Amino acid sequence: MSAYDKLVFELSSPGRIGYSLPESDVPGDRTARDLVPAKYLRAESPALPEVSEFDVVRHYSRLSRLNYGVDTHFYPLGSCTMKYNPKINEDMARLAGFARLHPLAAPAAAQGALALMHELAGMLAEISGMDAVSLQPAAGAQGELAGVLMIRAYHLARGEQRTKVLIPDSAHGTNPASTALAGYDVVEVKSLPNGEVDIADLDKHLGTDVAAFMITVPNTLGMFEPRIVEITELCHAKGAQVYMDGANFNAILGITRPGDLGFDVCHFNLHKTFTTPHGGGGPGAGPVGVKAHLEPFLPAPVVVKHGEAYDLDWKRPKSIGKLQAFWGNFGMLVRAYAYIRTMGGDGLRSVSDNAVLNANYVMKRLEQDYDVAVPGPCMHECVLSARRQKKQGVTATDIAKRLLDLGFYAPSTYFPLIVEEALMIEPTETESKDTLDLFCDAMIQIARESASSPDVMHEAPVTTPVRRLDQTRAAREPDLKWTSRAPRG
Amino acid sequence: MSAYDKLVFELSSPGRIGYSLPESDVPGDRTARDLVPAKYLRAESPALPEVSEFDVVRHYSRLSRLNYGVDTHFYPLGSCTMKYNPKINEDMARLAGFARLHPLAAPAAAQGALALMHELAGMLAEISGMDAVSLQPAAGAQGELAGVLMIRAYHLARGEQRTKVLIPDSAHGTNPASTALAGYDVVEVKSLPNGEVDIADLDKHLGTDVAAFMITVPNTLGMFEPRIVEITELCHAKGAQVYMDGANFNAILGITRPGDLGFDVCHFNLHKTFTTPHGGGGPGAGPVGVKAHLEPFLPAPVVVKHGEAYDLDWKRPKSIGKLQAFWGNFGMLVRAYAYIRTMGGDGLRSVSDNAVLNANYVMKRLEQDYDVAVPGPCMHECVLSARRQKKQGVTATDIAKRLLDLGFYAPSTYFPLIVEEALMIEPTETESKDTLDLFCDAMIQIARESASSPDVMHEAPVTTPVRRLDQTRAAREPDLKWTSRAPRG
Amino acid sequence: MATRYIANTPAEQKRMLETIGAGSIEDLLVAIPAKARLSRPLALPPALAETDLIRHMSAMAARNADAESFACFQGAGAYDHYVPSPINHLILRGEFFTAYTPYQPEASQGTLRTIYEYQTMIAELTGMDVANASIYDGASSLAEAALMAHAVTGRTEIVLARGVNPLYRRVVATYCEGPGIRLRDVPAPEGVLDPEAARKLVGGKTAALVVQSPNFYGCLEDVAAAAELAHAAGALLVVVSDPVNLGVLQAPGRLGADIVVGDGQGLGVPLSYGGPYLGVFAAKSELVRRMPGRLVGATVDRDGARGFVLTLQTREQHIRRAKATSNICTNVALCALMATIYLSTVGREGLVKVGELSTRKAHYAAERLTQVPGVSLRFAQPFFKEFTLRLPKPPDRVVARLAKQRILPGVPLKPFDRALGDCLLVAVTEKRTKAEIDAYADALATVLA
Amino acid sequence: MATRYIANTPAEQKRMLETIGAGSIEDLLVAIPAKARLSRPLALPPALAETDLIRHMSAMAARNADAESFACFQGAGAYDHYVPSPINHLILRGEFFTAYTPYQPEASQGTLRTIYEYQTMIAELTGMDVANASIYDGASSLAEAALMAHAVTGRTEIVLARGVNPLYRRVVATYCEGPGIRLRDVPAPEGVLDPEAARKLVGGKTAALVVQSPNFYGCLEDVAAAAELAHAAGALLVVVSDPVNLGVLQAPGRLGADIVVGDGQGLGVPLSYGGPYLGVFAAKSELVRRMPGRLVGATVDRDGARGFVLTLQTREQHIRRAKATSNICTNVALCALMATIYLSTVGREGLVKVGELSTRKAHYAAERLTQVPGVSLRFAQPFFKEFTLRLPKPPDRVVARLAKQRILPGVPLKPFDRALGDCLLVAVTEKRTKAEIDAYADALATVLA
Ligand SMILES: Cc1ncc(COP(=O)(O)O)c(C=O)c1O
Ligand SMILES: Cc1ncc(COP(=O)(O)O)c(C=O)c1O
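Chains as they are written, first to last, in the working numbering: chain A, 6 to 494; chain B, 6 to 494; chain C, 2 to 450; chain D, 2 to 450.
Everything labelled a hint here was simulated from the structure, so no lab data went into it. Nothing here was measured: the structure is a model prediction, and the numbers come from that model. Among the hints, a few may not be true.
[To be verified] Cross-link-like lysine-lysine pairs, in silico, PhoX-like; alpha carbons within 20 Å at most:
(1) 320(A) <-> 324(D)
(2) 209(B) <-> 243(B)
(3) 11(A) <-> 44(A)
(4) 296(A) <-> 195(A)
(5) 310(A) <-> 243(A)
(6) 36(D) <-> 15(D)
(7) 243(A) <-> 195(A)
(8) 320(B) <-> 285(C)
(9) 169(B) <-> 415(C)
(10) 310(A) <-> 320(A)
(11) 394(D) <-> 169(A)
(12) 310(B) <-> 243(B)
[Said to hold, decoys possible] Residues on chain C that point at chain B, a partial pick, calculated with CB under 10 Å:
(13) 9
(14) 85
(15) 95
(16) 99
(17) 156
(18) 200
(19) 278
(20) 366
(21) 371
Cβ atoms here follow ideal geometry from the backbone N, Cα and C, with glycine treated the same way.
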């Protein structure tokens, strides 16, 4: 049976309905035409699909089946912590008291929600060793923006005009992007061949014009920087702040804390470490934690507790301002809160222990057949290089596509940029040894096939709903919306 | 990628856990060994799987993907009314006041539930033209048992010892099975070639020993018996009761009513006509409606209304007794109630109009390529015969399997028994013309393939998770549970 | 009449009628005699939009005292056990939820595999050789067991211990009416089967002796002794057992049961005011060809791959018709799926823990409640998670009074047994907390003071 | 430490460590300097079992005045619109819910197709050429629009109408801090943009003029006039628009907008105390290569079959890094999916009906409420579903009083604008009933009496 290939527009039939709305129960029969001057009104109703409720249910059920997700497939996408998303979190997020609470409810009418936020911020502070946490950023990248803006405000408040932020060449793309958006020049710091920061290069760049050094811990090669404390001390000595990208927090829960390592700011990705679902690309949540000296600059408002009562504190004259209209991705906060309350301190520690164990196990099982980017032990993820396979004509992309055929989602590829033909594998603690073994077996099979029959790789995938797609055509002739005249394919 | 082939036992790892239970919060540390004499206790814990919550989620998500369901596939299983199951019904059934209500709640503490049952029974009475309805039967077959037992009790109460029940040869298997269970001899009445009851044959059998005539309306060939009123009158003239199997109620909502046709008893299948989900085989609900003279015999208790208060009336001395421990499949009743309240009278009428239209459309589109069991118009379903294809070496089973490959579930096959190589197709009103056209195209393609390349049929299915299964082996060497020693395959 | 649940638009109807060659839908209904037609619209309440429906039904639901808002000590065959969160999410997957009986096995392996898992787990818990795919509920399972015993032995009496749930007994009576099977009851003056009385009733006409353990009053029965007694008379022993207890309690199969039935509601199925529940049915393998209900078996496909099918179908109504072992067709597959997911989730260790917590809390509750002046245990028998209290005031009034404090203190036994008019049946699951039990005891003391 | 969310058992850990060649997990952590190690367990509240967690969080949730238990007239950027029941069921399908950004398109066609549908629908509603796959929320979308206007025009000022949601304005200010973009505000003494003042502020430095319609006060703005004004100065016109209104209200694209942003929360996304919501972003096609966020495009696969991919990625951070058009990575794809399902479900006719019902009820509410002595409309402007009342008593006290009658009467404007200290912003969606509106008016009359 060939894969489902409809768009909802292609199911539409004029006059078919899927909605259910009551008739007006207020007196009179005035319509918008009577109530609102014509110039504000649409002449024709919008060309939305006309389908039945069942059309909707079947269409989106079928579309979902074209996806791989964590619930159905091993999803070792490095740097993304694709762990199990507990179902109880969903039930909790759907309690009417949370899901149907208006953001501008008077604080007295939102004590439960404010209490949850206050407690969550406190727990994240404890987990990170930071003094204060804002839950407002919508994702990691917005957490970075908030963090860098706080650093900027801090320097400015001290009368310092620093213009640069240093970032390792192994960093995730959002790091330089957020930093540039905050008005800084981004300067790349070299990594050593083993992926560690080249401290000499860092030192060279660390002038009085440097506002901050931003680094991911563990780094994007899955390694803990052994000299990290030295680095944060070095930065502080030069008057620079140090920012930790906490995307990889799953490696260090209860083991070490950014605050104790000397960081001034760090963000969390609740959609990674704290099990909020990835949703096909989002939403996430990117709380940002700071040391006390940065606390005045936190995004406003701040959730505060006076006696037994919770409130939103808007009187934050030094605040960098707001990042979202309201208080953050509250629905995600509820899930993360449920998770942390379920795990407790010991449970979180166990998460990182097992995340590290799983990554090292995969690394070990694959080290014969693939080049390892940096020798282990690694932390929660390991980076392989397909440079050996590349010589056989098989790229990281080919390997990724072949994995799809074998029933696995693919690792992150070509990230970090400093590793040739990178395959970044993050198994997470929620996967079992059995699954890891199946995955490793598949990877080993692929390595052998790369040598013996590289064409199998180039043909892959063959079992997916579509085969390899023409990216060039997509970019050259952008077709970004459906039109009834020109259906493709 | 080959299909998922695990059983949950095969994921098990000793010591892995998926549950979450609190520690005991009551004083003391006594265990069952201390509290309960040893002879009542199990020596060893049961060999259940030991898996994580995530193992459970992924395993059952994957297993589900091996199924076709109405939400994902057209499912024209005749006699089963595989229509869309509205999502709002699920939300309503999960309201804590319904889903978490104990059956032995004092009536004063269950007024909402009792009100719902009372109103639903009333609405079903109106829909069927019956005087009273019991919601207790768990499914159609239990409704039949209840109905026949009431007929029996009725005759006995009048001092009549009737021993036979007449049933057409086209009937569903539960009809004779339920009747036999109620202690009657089942006598088959012949159908005419056009599927109608052979009134002469009926008349011949209709002696004073006949307790009842039981018939499905529309019949299992999808036809409305044109002489049905004559039939019920004839039966009554002979002192027999008439039972209508209401499995096909989807054809006649608001068009005609069993009560008006002269029936004394009829059952409903809420899981067919009234959109409660089929759940992979159940649960359903099979309320039974009766005329006033049978009302004293209804299953006990009966939901009654005194003034504004609802109660369970247990004082039913003539009742046939209970069918389930409690009051019926209440969760299904909630869904059916939600559906009827959503549709209203006009909506239900429209259901049947469109169910009939869809079936006739399919019949028309296929009548060239298949033999039609009975010439149309049909009601809500149509029965084809593959006798023409059979001559080409292609059976109804082959056609069914080939349909699976083409992305459709199969019609009912080999039912009714009186049609050779029967294919019973019930599209339901929730399917669109587009879907029907795709299905008819596939059926026509199959008819052509049957002529040109019957081997394609014999090989089918090839796209399903498994291919044709060895039924003989399954029955000869029953393997009805998994054992760690002997995993199959 | 456009509704969101009907696909055809007027334009489509027109085109379809053209294809059919009919002028209107009315033309398709010609077979229905005019005098049999309903000449008016159905007199039903007007259609409600979704938001109005939600409002209306939420108001109805709010009039019920449910186990979410109240501390529930009600049992008597339905229990407020822990329901792990994944169950609801998984059963709602459309491929499970909206499929039917797996008639086409190649497109139903999901359902077939879960049933095979279910059969395996139930066989393991009950200690029996085979389990079927489900019967409606515990009571109808017991009724089917009685019919099966009758068919297997050719005998015409079923002897029931008084400790069998009286609601179950009523269902058995209904099912035995047609075949003319006679029911005989063994008294339980001390809360358990009276062996003397039983010996008198069990004899050459006895198809089966039925005992329940823990029984309706909460007391544990001596199942092994009952087995001996039944088997000595050539009768089968049917045991009614709550599978959620069988992590801790002995498997009836180990005690000599020939058929084990029960309600699996405790295995993750919502209370839902009494249904749908889960009729568990397991038996010895020599009885398998007389079993009611569906059975799933493992086999291989054409390529030798493992696969699962409905099997031994010649027992069933769609093939054997009037001679079928049972009339059941639609069963409660989805509830069996809930139980399968439940048992996978709690697993070997978790089911033991559920039992351990329940029994410990039940014993604590019994102690606390019997400290209330005038309150005592009605029977001096070992119990597990449920027990019968004797109260100095009418139990139904106590129930009404405690409801005001959001406590559902149990089930008054008067409607079931006049002799127990002063008794309240109290169930304590692992979900009840010490705080709830203490609050119950305190409230009871106040009410009785 | 066994938890249900961790797979490895001690035995498995041991075997894995053996394979690795390490003695313990500690051995794998050697790179972490001892002095940097946390020497104590994390001081977090103890782990809660599922039933305890439910009890705890339900109690927290019960302390909030939500739109299920209260009649909600709150708006100001978040609205209690009807959410069709299929949405929640469909988004929870694991294949959607637990996937991430569709980096491997062959295994992500489900997500990619829904985004393509979403882009199409948003383009249609806004009247623009292209829409992206989403930005976090309406406010950050507006901020991105400001940055984009700056990048496109090379100009350094953004002129904002006072009618733009002040919470949005604050977010714009945050985002404009780094690039040094100056914000200038056009007053709205009559509730809408003052054209005279605007003409003075919009000039050669202006990257964009931003208007919102209906604006924060509920008043409809003359978008076409604003477009003329902006374009005359060579600036872009950015319009903030609530897409759920666009079944009835004119598409901003038809009125001259260059960029349309807004929050799609009304399209089936729960209120959820402020997020996650849905940042809508649409623009003219000539601006597409400067757009922030992901874009999905149609293409073909190797066999010529239609397929969808992320495209024009060279705009994005993972490729362009410091030079990217935006720093966004994770977006709000699932909320976009909700909106897509919403718009499919309500469809062409339903979205019009949502708008018609909202505006009719809002006008009825305005009439009823202004009949209460002392209550008047603050602005004499046409409005749609939201309006500003002037009250004779402090609005926050009115809010507190009406909460006791389970009415959430609106949003007091004092925190947003001191000059409007006596004002209450009232929103009326299609979900509000006549009974609720009448109860509100009656309660208000009582409180103000
Ligand atoms: C290392 C790293 N930093 C930052 C981010 C950006 O986080 P977000 O996508 O939540 O904005 C990611 C996300 O993939 C990441 O892996
Ligand atoms: C015509 C007919 N009668 C009776 C039944 C039995 O109903 P149930 O399966 O609900 O017991 C069916 C079910 O398929 C049927 O189609």
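These are the hints, each one checked on the structure:
Taking the CA atoms of residue 320(A) and residue 324(D), the gap is about 35 Å. The hint is violated against a cut of 20 Å. As the CA atoms of residue 209(B) and residue 243(B) are separated by approximately 11 Å, the hinted pair is consistent with the 20 Å bound. A threshold of 20 Å between alpha carbons decides the hint, and for residue 11(A) with residue 44(A) the separation of about 37 Å lies outside it, so the pair is violated. Distance hint between residue 296(A) and residue 195(A) is unfulfilled; the C-alpha atoms sit about 27 Å from each other, more than 20 Å.
Simply put, residue 310(A) and residue 243(A) have alpha-carbon atoms about 36 Å apart, too far for the 20 Å limit, and the pair is violated. Taking the CA atoms of residue 36(D) and residue 15(D), the gap is near 27 Å; set against the 20 Å cutoff, the hint is violated. The hinted pair formed by residue 243(A) and residue 195(A) meets the criterion: a straight-line CA distance of about 19 Å does not exceed 20 Å. With a C-alpha separation of about 39 Å, the suggested pair residue 320(B) and residue 285(C) falls outside the 20 Å cut-off, and the hint is violated.
Restraint check for residue 169(B) and residue 415(C): not satisfied, since their Cα atoms lie roughly 40 Å apart, outside the 20 Å limit. For the hint pairing residue 310(A) with residue 320(A), the CA-to-CA distance comes to about 14 Å; that is within 20 Å, so the pair holds. Distance restraint check for residue 394(D) and residue 169(A): the Cα-Cα separation of roughly 53 Å exceeds the 20 Å cut-off, and the hinted pair is therefore not satisfied. Distance check on the hinted pair: residue 310(B) and residue 243(B) sit about 36 Å apart at the alpha-carbon level, beyond 20 Å; violated.
Here the hint on residue 9(C) is kept, as its CB sits about 5 Å from the closest CB of chain B, short of 10 Å. Because the smallest distance between the Cβ of residue 85(C) and any Cβ of chain B comes to about 7 Å, under 10 Å, the interface hint for this residue holds. With a cut of 10 Å, the hint placing residue 95(C) at the interface with chain B holds, because the nearest CB-to-CB distance is about 3 Å. A hinted interface residue such as residue 99(C) counts as satisfied when its beta carbon comes closer than 10 Å to some beta carbon of chain B; here the least separation is about 4 Å, so the hint holds.
A distance limit of 10 Å between C-beta atoms decides the matter here; for residue 156(C) the minimum to chain B is near 17 Å, and the interface restraint is violated. Taken as an interface hint, residue 200(C) does not check out: its beta carbon lies about 20 Å from the nearest beta carbon of chain B, beyond 10 Å. Taken as an interface hint, residue 278(C) checks out: its beta carbon lies about 8 Å from the nearest beta carbon of chain B, inside 10 Å. Taking 10 Å as the C-beta contact cut-off toward chain B, the hint placing residue 366(C) at the interface holds, the least distance being around 8 Å.
At its closest, the beta carbon of residue 371(C) sits 15 Å from a beta carbon of chain B; the interface hint therefore is violated under the 10 Å criterion.
Violation of the numbered hints given earlier is confined to hints 1, 3, 4, 5, 6, 8, 9, 11, 12, 17, 18, 21; the remaining hints are satisfied by the structure.
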